[in-house]
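Protein chains in written order, with numbering that gives the first Met the number 0: chain A, 0 to 331; chain B, 0 to 333.
Just to be clear, a hint being listed does not mean it is correct.
[What the hints assert, rightly or not] Residues from chain A that face chain B, not an exhaustive set, calculated with beta carbons under 8 Å: (1) R34; (2) T38; (3) A237.
These are calculated hints, taken from the structure and not from any lab test. Glycine is no exception: its CB is placed at the ideal position from the N, C-alpha and C atoms.
Chain residues, written in single-letter form:
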Amino acid sequence: MTSPRRSWKHWFLRHECILLVVLVAEIFLFDALGRKFLTGANIANIVRQSTEIGLLALVMTPIILTGGIDLSVGSLMGLCAVAFGMLWGELGWSPWLAMAGAVVVGALGGGLNATLITRLRLPPLIVTLGTYSLFRGLAEGLTGGTKAYSSFPDSFLELGNGFALGVPVQVWIFVVVAIGIWLLVHRTTIGRSFRAIGFSPEGTRYAGIPVGRRLGLAYAMAGAVAGLAAVIFVSRVAEARASAGVGYELRAITAVVLGGTSIFGGTGTVAGTLLGVAAIAVLENGLLRIPGVPRELFGIFTGALLLLALAAGVVTRAWANRRVAEPKAAVE
Amino acid sequence: MKAFPLFSCVLAILLGLAGCNKKSESQNNGGGKQLLVALLPKSKGNQYFVTVEKGARTAASELGVQLLFDGPLDTDAAKQNEIVENWITQDVDVIAAAAENKAGLSSALKKAEAKGIKVITYDSDANTDARSLFVNQATAQGIGEVLMDTAAKLCNEEGEFAIITATLTAGNMNEWRKHIEARLAAKYPKMKLIATNPCDDNKDKAQQEATNLIGANPNLKCIMAICSPAVPGAAEAVKQAGKIGQIKVLGLGLPKENRAYVKAGITQAVILWKVEDLGYLTIQAAKALAEGKLKPGDKTFKAGRLGEVQMEGDNIVLGKPFVFDAGNIDQFDF
Chain A
0 MTSPRRSWKH
10 WFLRHECILL
20 VVLVAEIFLF
30 DALGRKFLTG
40 ANIANIVRQS
50 TEIGLLALVM
60 TPIILTGGID
70 LSVGSLMGLC
80 AVAFGMLWGE
90 LGWSPWLAMA
100 GAVVVGALGG
110 GLNATLITRL
120 RLPPLIVTLG
130 TYSLFRGLAE
140 GLTGGTKAYS
150 SFPDSFLELG
160 NGFALGVPVQ
170 VWIFVVVAIG
180 IWLLVHRTTI
190 GRSFRAIGFS
200 PEGTRYAGIP
210 VGRRLGLAYA
220 MAGAVAGLAA
230 VIFVSRVAEA
240 RASAGVGYEL
250 RAITAVVLGG
260 TSIFGGTGTV
270 AGTLLGVAAI
280 AVLENGLLRI
290 PGVPRELFGI
300 FTGALLLLAL
310 AAGVVTRAWA
320 NRRVAEPKAA
330 VE
Chain B
0 MKAFPLFSCV
10 LAILLGLAGC
20 NKKSESQNNG
30 GGKQLLVALL
40 PKSKGNQYFV
50 TVEKGARTAA
60 SELGVQLLFD
70 GPLDTDAAKQ
80 NEIVENWITQ
90 DVDVIAAAAE
100 NKAGLSSALK
110 KAEAKGIKVI
120 TYDSDANTDA
130 RSLFVNQATA
140 QGIGEVLMDT
150 AAKLCNEEGE
160 FAIITATLTA
170 GNMNEWRKHI
180 EARLAAKYPK
190 MKLIATNPCD
200 DNKDKAQQEA
210 TNLIGANPNL
220 KCIMAICSPA
230 VPGAAEAVKQ
240 AGKIGQIKVL
250 GLGLPKENRA
260 YVKAGITQAV
270 ILWKVEDLGY
280 LTIQAAKALA
290 EGKLKPGDKT
300 FKAGRLGEVQ
310 MEGDNIVLGK
320 PFVFDAGNID
330 QFDF
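This is chain B alone, in the form it adopts within the complex (with noise of 0.2 Å):
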């Protein structure tokens, strides 16, 4: 049983290896090579960061960035740290992540940061002092704001509609709630609100509150799902209760969960940004500011095929959601 002599046999050919090969090290700060970016998503499977994958490898292309996608096969926070820790001995040039778990992620980020990796963030923040900037999908008042209008447009601008939630306690939500609610106030004086039920983000809920609202609201014209469960869930209510066509069901979600009742006429209009251009502008970006082309602080930002892009202090924002309709639906596939 000489079992140490053997293990410490193999430690000292790690630790003789690791020192011989020191060299290699330094071999690769030269200029002019490429810039090798690094993308973590919250999880690799998921449809939505798939696609998220797809705009960044067109950004990556057209720039000539060098691409690094990897994440947890599902979502594991801790994963993400190790991914993370190993892209820093890859010696990355940036690294743009999507945080499963804010405070967890951001202890690693920092640790890239203080190796000289530049870091950004986009779908999911983390803490801002372990990041220089956040490409935001979509701020509170563009969400609201857009699902306000569109509300409108679809009953004429007057009648009754109701609102899903999930919580009433959900913070972003709320902030939609008081975007939509000011946007009610300022341009559409004849419509009303009667009703904000919450579904615990659960669609066999949503489903029996959207069945409730109806029954109980012979003149409500549309139903407003703002968590992506309620959505489908209101539909299916409609289609039951026979009033397709009559009473309009719009909301926050993926396209993907909603075709079948968008191309069957029971669902009008589903709210979500461009998840493609998402992973666009995240390479951009990360591009720019390796470049130090791009500070927060900056007023706009051009990032290619987007065109001029807003920022808010340290949010680059990807602008107003865009709303998926019977026209439009087939061509997304997330």
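Okay, chain A solo, but in the shape it has when bound (with noise of 0.2 Å):
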């Protein structure tokens, strides 16, 4: 079972390795092709672009590990980035203030959807379905859908805008983030427990496992994450309105299932929901900076990837169960 052959092979036919071979092959394809793209001016673009929606992406994993979703972190931003600026704007908090404030709106909202999704035990699908036009239809209904808040410090600017430590500072959340979400999933008993919680609700509840709390933590952490995100595009396009985030909540529900996550649950990594994210986002960058490519293309390609690296993947592993099963047949 562990012999080094064995498990090499097992690693290259790995989603998140094909993944990276895609990866590399946009990154080699839009230097050759496109303008400028490989400088470290652009490079901190695509990051800076992406954070957002790697953020949702990232605390979307474990939902979709429990066999979940979550339609609503998109409306959830628009919401924390109304409360922000109306926190900082109406209140008079300091930005950094009105940012732990966003992030508990976003906790709440979170906690609104687990609380319906656990005690009430409604589809997350159809709960954040609702709070997916709650929180927008909130936001709007707060502003009049109009009014915006801009002119902030520019110390509050700097975490959209500026550089720490030679990267963009929103990268270090980010980074923080990802190493939460990562020992969470993947080296705690929490995340065997999303897991098997994917496979079978019922088994787990059996086995004693308190999948109503599992699944309100990832509910309410996606919300408070959501809030982060916010904060973090409001100070990157400088302006606080409802339309924050529109969308997002499919791009990174896109990212999650590109990075081999199974929609049903059960099975899937933050590495290729990381993968998936930078796949997703050299794309858009770099398909743009090929001279003459209208913005439509990107649709059409980001489907055409997330089809083709699945389909990709179950081909392989088809592939490669077959070539590991005919020796065993052999011996038999």
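Take each chain as given, in its own frame, and dock them per the hints.
This is the structure in structure tokens:
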């Protein structure tokens, strides 16, 4: 089972590895065709512009591992952006205190999802479809749909636009969250229980694992991180308004699924999600740097990439299993 | 689960490649290179901006300028920022932007200026400290005067007319009304403004207001709609009241959405600037600015086929708005 040859092959044929090849191929392709693609400034751009979606994808991973989904995180970003703007602009809080406030609002929003899902046993798809409209509606209602907060102090705008130790400031936040989620998912019994819930929620419950509390943790965490993403977004675009994060939930889900996490739950890795986020971010940025390529193509390529990566995973694994199975059969 | 080694591998590859590619950054700054101008619309799919692009392409090919045209697929302020930031790293020479969102876009434009990129705005201005020039499609005075002059012409300079506006608090429309009323007082003593009613920028409400005005004022000769939904709204009201031709309709709007009414003789005049010329002028200005031939404070600016264009401070003014009528409306596709 664990002979070095076997495990090497096993590693090589993993979904993450296929994705890594795709990512490197993208990088070489865009370096050859795109205008000034591989420059320090552009890499900083790619990282900045994908931080918020990356954060959402990170917290979406445990949720999808449990077999759930959260469609409300993009709308919750809008609500948290507005909350941040109001706390700072109307109540005069400092940006950093308002940031904490936005994270709390996010956690409460996630907590609402969690309560409805675990106490009322409603399907996550339905609950978060409801809060998807609810959160965005609240954000629009609070601002009349048009009011926006801007002229934030420069010290706050550094969060989304500045550099710390040579990399964009928000990268450090992203790295901390990524390590936290990775540890949680891959190094704790809680992470193991997420996967167990994904395979069989009832079985997990009979095994004595507090399924409700675990699910609650996953959704509340997603909410809090959506609040964090909202504040980073506000700092990056220098404006807080209700339209923050429109469509981000689907982009985050796409990244997670592209990263190899099963939409039915049970299997998936944080590394896969990170690679999924990177593959999409590089694709969007690079594609638009090729002279004459219209923006509309990005959607087509993302869709094709997702379907091809998933199909490639299935085909290579089937091929590998056959190759591994043959000598065994000969022995018997 | 060797997840982190894997991820750090990717990072290392990315950063490594970034490092060994520094050479390409310094390649493109040589002299005699084609000027690279990036044009940002509020949204790419909007026919208005498609028309802007058409004019911009004409100017770009006349001037030998390389033109990048990209924008959000629908109005998305945050996407505008991302596009500008990506242009900054492509070392474009000039960015010409129509701001969906003044404060937000200004922060990205300032970054571009800090990197030595020339920035101008068109159609919809950013903060004045985030750009050097604004290509202004029409001044309030120009709009007000053309509206009043056209109405007077339609009514033979006498009789009652009414205005339908969006809201009584809308800043730009009140500015236009001020100039309409000033022109009225100065030039057309036999004409009388009997009402100014708001329609909340809503076509149905405009139709209702127009119907009420027609019912209450038997001598009404003309309805002037100064917000775009009100032009077809007023036309529909006139049609349903059976007063086609007796009550003239004119207003500020897009030729396309009024074409049917104009061809049917219900609406006599639609007023707007020539959108294609706005794109053309923007690229002309971008090139001249990059070459140091144009600066804020100039009195006039020679813009190719448009000839001498007036400037007011740091605004380049496209000129008087254009009157679209039954004779010419088929030539315009926006």
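Enumerated hints in conflict with the structure, sorted upward: none
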